[in-house]
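Start from chain A and add chain B according to the hints.
Going down the list, the protein sequences come from chains A and B. At position 59 of the first sequence (counting the first as 1) the number is 407 in this note's numbering, and the numbers step up by one without a gap. At position 69 of the second sequence (counting the first as 1) the number is 417 in this note's numbering, and the numbers step up by one without a gap.
Calculated directly from the structure, the hints in this document are not laboratory data. A hint or two may mislead.
The list makes no distinction among identical chains, and a pair is therefore deemed to hold if it is satisfied within one copy or across any two copies.
Claimed, not checked - Here are the simulated DSSO-like pairs of lysine-lysine, each with C-alpha atoms no more than 30 Å apart in a straight line: (1) K354 <-> K413; (2) K381 <-> K366; (3) K355 <-> K414; (4) K497 <-> K370; (5) K413 <-> K370; (6) K454 <-> K414; (7) K381 <-> K414; (8) K502 <-> K464; (9) K416 <-> K497; (10) K458 <-> K446; (11) K413 <-> K366; (12) K497 <-> K446; (13) K493 <-> K473; (14) K497 <-> K454; (15) K414 <-> K473; (16) K473 <-> K454; (17) K366 <-> K502; (18) K493 <-> K454; (19) K354 <-> K464; (20) K413 <-> K473; (21) K416 <-> K473.
There are 2 protein chains.
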Amino acid sequence: MAPEDKKFMRLALRECEKGIRKGGGPFGCVIVKNGGVVGAGHNTVVNAHDCTAHAEVNALRNAGKKLKTHDLTGCVVYTTTEPCPMCFTAIHWGRVKKVFYGCTRKDASKIGFDDKHFYDILEHKARDEIAEQQICRNECVNLFKQWVKNPRHKTY
Amino acid sequence: MAPEDKKFMRLALRECEKGIRKGGGPFGCVIVKNGGVVGAGHNTVVNAHDCTAHAEVNALRNAGKKLKTHDLTGCVVYTTTEPCPMCFTAIHWGRVKKVFYGCTRKDASKIGFDDKHFYDILEHKARDEIAEQQICRNECVNLFKQWVKNPRHKTY
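Okay, chain A solo, but in the shape it has when bound:
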C-alpha cells in the first residue's frame, strides 16, 4: 500500500460523509486512473428511489461518463466498504483489477445491511428467498442468434 492509496481512500471517506449528510447509506467510493480521480459517488438508494444506486455503481457510472467508455481497464476502486456482490460484479464488468476497501461485509451486517447475506446466497450457504423460473428459452435464444449475425455486434 502506497501513501497515495490512503489519500484516495480519504477522498472516498469524504464522499461517504457527503452521502450521510444527505440522509443516504454510509458508503463512498472514488475511482482512480493514472493517479487521477475519474469518478466518485456515494450511496443514493433511498433519495434517488434506486435500489442499484450504491456508491460503487454511482462512481463506476461517473467514471464511464468521464472516460466515454464502459471499459474501465487500468482503473483502481477505493470504497469505504467491501463491495456487495452487485458492486463486486459491476467492478468485474468494468474490468477493474484492483480494489481497496475499509469496512467488511460483516461490519455492514452489524449496522443492518444484507451484503453478507447476499454473498451467502451466492455461495449457497443461505437459502435464496427468490423463486426463479425459466420460460420462453427458444424465443430468447433466437434473439442471441440474431445478435450474433449482426456484424456490428460488440461483446464486452
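Frame of chain A, contents of chain B only:
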C-alpha cells in the same frame, strides 16, 4: 406459469430487440406489479458508456422512478436471460421475490458474455482476477458509527 407470464416475457423480448437494433447487448427486461408494467429496459452498456447498464438494472431504475421508491416488494421481473450476479443482487436489494428468465448463464457464455464466469468466481470455482486489499478500516467504521447515531438514518 400463467399465460400472462408469457405475455410479459414477450414484452421483455421486444425490449431486447430494441436494444439489438441500437447496437447494444441482446438483453431485455420488464418489471410488473399488480398485473401492470412498472419498468422496462434493455442493455445500454456500450452506447451509454456504463458497465452497470444491464437490462435488469435499467428496468429496476425505471421501476423505482415510476413507483417513487427503491423498495420493489411485490414486483415480478421478466428478463430474457438469467440475471448475472450484479443483476441478481440488484433484484435482491429491490426485494423482488419472483424472476422469470429465458436464456441461461451458459447460453450467454456461448455468445461471449462472462455471466457464468462471474458466478463461478463468487462460488469459488474460478480464480478471481481482481486483487482486493483492506485499508483504513477504523476511519470507515467510524462513519458507520456516525450514521447509526443519526436518528434519520434508514436501513433498506
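Now the hints, each set against the structure:
1. K354 <-> K413: within (25 Å within a copy, 36 Å between copies)
2. K381 <-> K366: For K381 and K366, only the intra-copy Cα distance (22 Å) is at most 30 Å; the inter-copy one is 34 Å.
3. K355 <-> K414: Close inside one copy (21 Å), not across copies (39 Å); limit 30 Å.
4. K497 <-> K370: between (48 Å within a copy, 14 Å between copies)
5. K413 <-> K370: Both: 23 Å inside a copy, 19 Å across copies.
6. K454 <-> K414: neither (33 Å within a copy, 33 Å between copies)
7. K381 <-> K414: within (11 Å within a copy, 35 Å between copies)
8. K502 <-> K464: between (34 Å within a copy, 18 Å between copies)
9. K416 <-> K497: within (26 Å within a copy, 39 Å between copies)
10. K458 <-> K446: For K458 and K446, the Cα distance is within 30 Å both inside one copy (26 Å) and across copies (27 Å).
11. K413 <-> K366: both (21 Å within a copy, 22 Å between copies)
12. K497 <-> K446: Classified as neither: same-chain Cα gap 35 Å, cross-chain 32 Å, threshold 30 Å.
13. K493 <-> K473: between (36 Å within a copy, 28 Å between copies)
14. K497 <-> K454: Result: close only across copies, 19 Å inter versus 46 Å intra.
15. K414 <-> K473: Answer is neither; intra-copy 39 Å and inter-copy 34 Å both fail.
16. K473 <-> K454: both (15 Å within a copy, 22 Å between copies)
17. K366 <-> K502: between (37 Å within a copy, 15 Å between copies)
18. K493 <-> K454: Intra 43 Å, inter 14 Å, cutoff 30 Å: inter-copy only.
19. K354 <-> K464: within (25 Å within a copy, 34 Å between copies)
20. K413 <-> K473: neither (37 Å within a copy, 33 Å between copies)
21. K416 <-> K473: Classified as neither: same-chain Cα gap 39 Å, cross-chain 33 Å, threshold 30 Å.
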